[in-house]
Every structure is written in structure tokens, then in C-alpha cells.
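Enquirer: Chains as they are written, first to last, in my numbering: chain A, 46 to 274; chain B, 46 to 274; chain C, 46 to 274; chain D, 46 to 274.
Treat the hints as calculated values from the structure; they're not laboratory data.
One or more of the hints may lead you astray.
Pairs involving identical chains hold if they fit within one copy or between any two copies, as the list cannot separate such chains.
[Stated by the list, open to error] Derived DSS-like pairs (lysine-lysine); straight-line CA-CA distance at most 27 Å:
1) K220 with K116
2) K174 with K264
3) K115 with K220
4) K129 with K115
5) K264 with K115
6) K264 with K48
7) K116 with K267
8) K116 with K264
9) K115 with K267
From a predicted model like this one, the values you see are computed outputs, not experimental measurements.
Read off the chains here:
There are 4 protein chains.
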Amino acid sequence: MLKELREEVFRANIELNDRGVVIYTWGNVSAIDREKGLVVIKPSGVPYETMTADDMVVVDLDNNVVWGSKKPSSDTKTHTTLYKAFPQIGGVVHTHSRHAVAWAQARREIPCLGTTQADYCAGPVPCTKPLTEEQVNRDYETTTGEAIVERFEGLDPAAVPMVLVAGHGPFAWGKDADDAVHNAVVLEEVAHMATITATITNPIPPLEQYVLDYHYERKHGKNAWYGQK
Amino acid sequence: MLKELREEVFRANIELNDRGVVIYTWGNVSAIDREKGLVVIKPSGVPYETMTADDMVVVDLDNNVVWGSKKPSSDTKTHTTLYKAFPQIGGVVHTHSRHAVAWAQARREIPCLGTTQADYCAGPVPCTKPLTEEQVNRDYETTTGEAIVERFEGLDPAAVPMVLVAGHGPFAWGKDADDAVHNAVVLEEVAHMATITATITNPIPPLEQYVLDYHYERKHGKNAWYGQK
Amino acid sequence: MLKELREEVFRANIELNDRGVVIYTWGNVSAIDREKGLVVIKPSGVPYETMTADDMVVVDLDNNVVWGSKKPSSDTKTHTTLYKAFPQIGGVVHTHSRHAVAWAQARREIPCLGTTQADYCAGPVPCTKPLTEEQVNRDYETTTGEAIVERFEGLDPAAVPMVLVAGHGPFAWGKDADDAVHNAVVLEEVAHMATITATITNPIPPLEQYVLDYHYERKHGKNAWYGQK
Amino acid sequence: MLKELREEVFRANIELNDRGVVIYTWGNVSAIDREKGLVVIKPSGVPYETMTADDMVVVDLDNNVVWGSKKPSSDTKTHTTLYKAFPQIGGVVHTHSRHAVAWAQARREIPCLGTTQADYCAGPVPCTKPLTEEQVNRDYETTTGEAIVERFEGLDPAAVPMVLVAGHGPFAWGKDADDAVHNAVVLEEVAHMATITATITNPIPPLEQYVLDYHYERKHGKNAWYGQK
Numbered sequence: 046m047l048k049e050l051r052e053e054v055f056r057a058n059i060e061l062n063d064r065g066v067v068i069y070t071w072g073n074v075s076a077i078d079r080e081k082g083l084v085v086i087k088p089s090g091v092p093y094e095t096m097t098a099d100d101m102v103v104v105d106l107d108n109n110v111v112w113g114s115k116k117p118s119s120d121t122k123t124h125t126t127l128y129k130a131f132p133q134i135g136g137v138v139h140t141h142s143r144h145a146v147a148w149a150q151a152r153r154e155i156p157c158l159g160t161t162q163a164d165y166c167a168g169p170v171p172c173t174k175p176l177t178e179e180q181v182n183r184d185y186e187t188t189t190g191e192a193i194v195e196r197f198e199g200l201d202p203a204a205v206p207m208v209l210v211a212g213h214g215p216f217a218w219g220k221d222a223d224d225a226v227h228n229a230v231v232l233e234e235v236a237h238m239a240t241i242t243a244t245i246t247n248p249i250p251p252l253e254q255y256v257l258d259y260h261y262e263r264k265h266g267k268n269a270w271y272g273q274k
Numbered sequence: 046m047l048k049e050l051r052e053e054v055f056r057a058n059i060e061l062n063d064r065g066v067v068i069y070t071w072g073n074v075s076a077i078d079r080e081k082g083l084v085v086i087k088p089s090g091v092p093y094e095t096m097t098a099d100d101m102v103v104v105d106l107d108n109n110v111v112w113g114s115k116k117p118s119s120d121t122k123t124h125t126t127l128y129k130a131f132p133q134i135g136g137v138v139h140t141h142s143r144h145a146v147a148w149a150q151a152r153r154e155i156p157c158l159g160t161t162q163a164d165y166c167a168g169p170v171p172c173t174k175p176l177t178e179e180q181v182n183r184d185y186e187t188t189t190g191e192a193i194v195e196r197f198e199g200l201d202p203a204a205v206p207m208v209l210v211a212g213h214g215p216f217a218w219g220k221d222a223d224d225a226v227h228n229a230v231v232l233e234e235v236a237h238m239a240t241i242t243a244t245i246t247n248p249i250p251p252l253e254q255y256v257l258d259y260h261y262e263r264k265h266g267k268n269a270w271y272g273q274k
Numbered sequence: 046m047l048k049e050l051r052e053e054v055f056r057a058n059i060e061l062n063d064r065g066v067v068i069y070t071w072g073n074v075s076a077i078d079r080e081k082g083l084v085v086i087k088p089s090g091v092p093y094e095t096m097t098a099d100d101m102v103v104v105d106l107d108n109n110v111v112w113g114s115k116k117p118s119s120d121t122k123t124h125t126t127l128y129k130a131f132p133q134i135g136g137v138v139h140t141h142s143r144h145a146v147a148w149a150q151a152r153r154e155i156p157c158l159g160t161t162q163a164d165y166c167a168g169p170v171p172c173t174k175p176l177t178e179e180q181v182n183r184d185y186e187t188t189t190g191e192a193i194v195e196r197f198e199g200l201d202p203a204a205v206p207m208v209l210v211a212g213h214g215p216f217a218w219g220k221d222a223d224d225a226v227h228n229a230v231v232l233e234e235v236a237h238m239a240t241i242t243a244t245i246t247n248p249i250p251p252l253e254q255y256v257l258d259y260h261y262e263r264k265h266g267k268n269a270w271y272g273q274k
Numbered sequence: 046m047l048k049e050l051r052e053e054v055f056r057a058n059i060e061l062n063d064r065g066v067v068i069y070t071w072g073n074v075s076a077i078d079r080e081k082g083l084v085v086i087k088p089s090g091v092p093y094e095t096m097t098a099d100d101m102v103v104v105d106l107d108n109n110v111v112w113g114s115k116k117p118s119s120d121t122k123t124h125t126t127l128y129k130a131f132p133q134i135g136g137v138v139h140t141h142s143r144h145a146v147a148w149a150q151a152r153r154e155i156p157c158l159g160t161t162q163a164d165y166c167a168g169p170v171p172c173t174k175p176l177t178e179e180q181v182n183r184d185y186e187t188t189t190g191e192a193i194v195e196r197f198e199g200l201d202p203a204a205v206p207m208v209l210v211a212g213h214g215p216f217a218w219g220k221d222a223d224d225a226v227h228n229a230v231v232l233e234e235v236a237h238m239a240t241i242t243a244t245i246t247n248p249i250p251p252l253e254q255y256v257l258d259y260h261y262e263r264k265h266g267k268n269a270w271y272g273q274k
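Excised from the complex, chain A in its bound form (with noise of 0.2 Å):
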């Protein structure tokens, strides 16, 4: 049962440790069959050294697995709910990636600073407000999601493929699992520039939206023309 994208998911969850974003099984990557309405995903806690294809899980929608004879991701409900919100995205990775991380720790947006963002996310990487007790104790990793979906109200997830969830870490996607495994690992490093641009100035001048809008339009916009396409 979907073999070709249990494929597929496996090796961008490799790709995603290779990339030096993860560490133990501090990650997963999903990716979803839109006709099938079945998402394919990293099972739990199982060590990037002894995983294989066959060990992927698929669930449906409702979270139920409907193949594979290991645990789903622990994640697995905030995948699902990305997906049922977001009908333009392909596959979702969660990391726990270092810089990232921080500044979901901080509870605070990336804003964009410079081109290296603005090729790839319209924008700042927003960040979540903060779950409360009652959405923790309810359904987490559901109300997780959610707090992804209310935060994108008037964004773009196509536009802004990234997200800090408050005091947790970052979700990014992407129109396959191989798009969001790298919009995952520019997350990082764009959290890493600002980082150090913020050691050294302040406050942090934002990149301006002229630029911004031209160097995402140059890779993203109807006439992009980056690369060889």
C-alpha cells in the first residue's frame, strides 16, 4: 500500500537526519495521498540507524492506521490537521532543530531580516500563541495543530511554509515530502542568522518589503525564473 511514497517518506526522514536537524528521533516527516485522503508518516521512536521503508505508518485522516505494524509518530494528530487545513501542502516535517527551537522557546516570530528568508517564506516565521491548560489536557497534539491553522488566519501556507509552535519547537511543509524537509532545514538556518544578527545589532532592522517581495517573487511568483525552469 502505497509503496512509492512510504518510499519517499523514509528517505526524506533520512534526508532530515543527514541534514544534521535532528538528533536520536527528534523528528518525523509525513507526506499525504490526496486522492486516497491517507498520509504516510515516520513511525514512533523508532532510531534513524535501524529504520526502513517498511516501518512507515499509514493512517487515515481520522488518525486511524490503516497499514504497517508499527506506533505512528506521536505527532501524528498535528500532521493530520495541517493537512485537513491546509488542502495546498504535500508533507509536513517537525523538528526539534536547535536555533528554531530557541525561538519558539522565546515565543517570538522570525522576522525576516534578509534575502535568505525572503527566498523561501513570504515574510516573518510566525509563531503560535501558547496552548492552554484546557486545549493540553483536551487533545494535544490536535490542539497543537490548531494553534498552527488560528495562527495562519489571512497567511498564506503556501507563501509561508514554516511555523515556531510556542515553548515547543517548529513545524514546516511543503508540496511534497521533500519540499518541507527543505523548507525545515532553512528554518534552521535562516534561526541561525537571526540569531547572530541580533548578538550584534539592536534593535534588528527587518528586511524591506520591496525586497522581500522581489526575491520571493523571483523563485515563487508567476514568472519566477530561478533555477532552470
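Go by the hints and put chains B, C and D onto chain A.
Expert: Relative to the frame of chain A, chains B, C and D by itself:
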């Protein structure tokens, strides 16, 4: 004698080095056989590159060498003091990992700022009081252990498996040598994240207690459901 | 066409990646054949892992592709603007290396704080003025080059082979592609060192001009005697 | 001539590179044969990748080349000045390691903040006075050595085997080339730790003198008992 445990402790010492939390001989791992009351520990000052399982040293809880041709780690008395005071633990690790040492040098506990720490430690990482001159000159390695034990009055060492010794560095422990190494690596990572958070915001916002409790219980509580268990 | 120069530029792009100053496709190296007035440059958006020397693109100084099947780097016009304004230089590099970007985001020049920088750069690393909205929308990549050239009024690009573009990132150059890569790596390193110095002291004490002069002259002056020359 | 010592110095230079405290040719190691009064030192500007033991250069204490086809390190006079002033030492290292350079650029000594430093250095890592213009223009490399020697009035170079040259970078030494490299790596590590501590607390609390003494004596005192000796 204790061949299996010696292999375990040897591999855990190598893992400590491979995870990048140790340079030269700046760390040591031990494990205890509770039935026999014997501790296996790394030898003093032997490079990781040439160390073998046969270099491990077996001592009793009074610090007498009962097996092995090498001298045990200079920190042996600290390890045995912890094993005597904390019957729940099976392995102990000491490192000079960079960020954990920096917080120990600052003589600051690491507040629990996010779920990364909450997944492993049910609150802040405590920091001991500085040793007095009398303590240092009486029996330094033993009094170091005693300062840790004193700091844990009212704390559960199973729920808080890590500590900073003021002006010195971190100790971590766990149910066995591997688990202790895992906690030592996590401690370095959360110390690194807390450093970055402190760089970008002041004061540092602590994690809500109900999130801390939820995350800790999800992994370690009676009804823990993280991983494949 | 220009087979040898294409090999050189290809290898210099790989070196840029190997030195850790680039992730994904976030950098580009070019070199010029001054006699022919032709520039060899990296293609746009091709991953380093699969890139070959035959993917390099040859353009003239008016940015017309004269050889190659790929599209040239999106930053090509910045490179050619620099070649036209600075006849002394033979290679140009652009990266998004972390610390250099952070200073560019802070819109601060990097003062010369020590001999490490003085060995390569006869003074501070300059930072351009931000581009105006008109400049961005007219011809962004060309005006980026022009902003660099404007900033170098009164400066010798052979003696100051590196610059920060405000809100964007670093460019470096040299007598050929290899030399430009070397200077890009040095720029990242001195930006990193300056960041740390700014962390531990304020204000930052600049290097005495006579030490700066001595070190720069020792390596680059008429009577330079560093190395085996 | 001095084949064994040349091998030692060559391997120590490679080790310096392998330990990550040097990029390009930014470091040099030497060792002395005290009976013959001859010093073996790295050649100037030769890349580590292609360097061999036969590239090492032998000089006398007046800086005359007595063996070898290469030019000696541009810092040779600093090394020989140290050997003449400090008869206890057998090896000298100079690097531009990142954090040590940053403290040198800040012109701050590194206070002894913890036992990591106390295990190697009986107090703060001293920082020289800046050189005067006269010193720089008279005989820069010799006066650099003299500034170090002046700073060590009242200090024991065997107990404090490392120094920062203001605005420049670190020198370290030891009983032989290997020991000097070890101390240079330790210096970078303690500089890194002190930087982090300075980030999270202000003022920085120095280590109690009695802990410093205990740790230093444990490894280096008359009754040292660390390691397998």
C-alpha cells in the same frame, strides 16, 4: 568478571565520544550490578582511540578495585556516592560538554524552557551549591557526589536525571549506561538551546507547568505512549 | 569553449560547498577570461551533488549566454557588473554563509579587529547602502553590483576583496576563482570571530592601524615574504 | 638531521589541523632539541594536505635555517624567542582558533571559570599588552615573543602554558610538540566555554582559588594521580 557489563560500559564510553560531547579523555561512564554491589567504570586518562573493554575497571561501593589492571576514573568516588544515594539508577555519566559546563560555570540552573527538556527532565536542571574549601580538601570527589545528593533533597533522581556541579560540569544518569549517555547528550542539547534563547530574549519565559507535565508524562508516566511500547 | 576555465570554476564551486559556506544551491562562483571578455559561471539552481564541469555557463559581459545548455546563475548580472568595474579581479564568489549574512542583515561593516582579517583585507569589510525601491524594481541584480561599486569609491578592490550587501549577504573576489573562494571562506571566518568578540566586549576595540598595515603588507605588499615565494 | 623530531613536528601539525583549530595554513607547530639548540618548525604557507615531514625546517636559536629546502614559518622568531626565555618548554604552537582569537581581539584575559581550565592552567589565560608602533616596525615577530615574555613576569610558563597576544591570537606550549598541540586545543575549548558563560551571566563568577588549586595539583602537582601514572 562482569564481562557483559564491561562491554556495555565500554560501548557507552565510545558512544559518548561519538556523540561529540567529549574531547580527549574528558568524560567517563559507569554502570552498576545492583545484585553484586559492583560498579564498572572507565579507566583514568586512557584515550578513547586505544581503549578496549578489558581496560574497564570493576570497583566495589567503597571504591576498592576488585578487577582490572588499570586505575579507575579519578571521578570514581562521585559515581559510587550517587549509586549509594540513588538506588533507582543503573548508570552514571560525567562529561565536560561545552554548553552544560558553561551553565555550571555560570552557577545557574537551566530553567525548563520547552518541550525538548520536558521530554526528559521533569523541571529545571538543578545546579549544586559551590563546595566549601573544607569539602574540597577533605575528599573532593566524594564531597562532589554529596553536593549533588544534597541538591536532590525533595527531587526524584529518576525524574530529573541530570545535574550541574557549580564551577565544574554536568553529571547525568539513567537506568543503565546507555540511558545515562542519552541523558548526557540531551543535557548538552538543552543547554545549547537555552543559551540561544537567553541570547534573543530576556527574561527567559519558562514553559507552562501543565505543558511540562504533559510532555514528561507522555514519555515517562504510568500511561506513557511514546515509542513502540 | 574555455574548457580549462570551466573546469576551474566547477572545482571552485565544489570547494565552496566542501568548505561549509554553502548549503543547497546557495552560492555561486565565476571567473573571467579577460582577453576574450567572457565569464564562466555556475548554472542556476543545480545541486552540487550532480553538477559537472559541462553544466557551467559561458556569458559575455552583456550577460548573453554564449555557451552551455543551462541557465546561468540568477546573480550573473552582479558578477559581470563587478568584472566591468574592477579590472583587477579574475574571480567572483557569492554565498549565504551564516555569519557574513548576519552582519549584512545587521547592515554593519565588519571592523578590522585582528591580524586574521588584516592578513587578507586592508581594513574593515565594507557594507553597501540598502537598495532603493527604484533600484530593486529596475534591474535588481545589476543594481546590486552597482551598489557594491559605489561603496568602493576610494577603496582598492584588490586590497579589500570582500563586501557585504545590506540585507542580503557577502560577495568576495580575487585574482582567480580559487582565490575568490579562499576570500569568501576567510570572510565567513572573520565574521564569526567578530561576532564572538562583540559578545564578550563592548565597544569592540579596533586593531591599531600600524599592525593592520604590517600584517597586510607582510602577505600582499611589494616586499611580501609570507609563504614560499 | 633531527629526523625523529621532524616526524614528531610534522605529525603534530597534522593533528592541529585534524582537531579543527586551523583552516588553510593558519597555524604552526615547532619543537626544540635542547641539547643541540635546534628548532624544527613548519614551513611557511604550505597546505596541510600536501605537506610532508621533509618539508619541516630546522633553524637555530638565531633563526638561521640549518636544514631544509623550504622557508620556515613567518612566526619563527616568536617561537625562538619563547624557547630562549622559557627553558622549561619543548614545543610551541600558534593558531588562529576562533574563540581564542576572539578573546585576543577583545584584549581580555580568559578568567578561570571552571575546572576544565584549572585542569590545564593554574589561573587565567593571560593577554599581552598591545605592541607599540615602534615594536611592530622594528622586528614584529621578535617583539611579539618579547611581549609574551614580559607578560609572564612572575608567572610560571610550565603552569600557565598558553597566552593570548592582544589583537592577534593564541600561542600555547608544552613539554613537546604533542603537548603543545593538546594545550592549544584546550585553550580553544575553554575560550569557547567562557564565551558561552559570558552570554548567560554577567559578571562572570571566577572559580574559587581552592578548587582551582585542587584540580591543577591533581593533574600536575607533585602527587598528581590523574591518568595511569
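Enquirer: I'd like to know which numbered hints this structure contradicts. Please list them from smallest to largest.
Expert: 6
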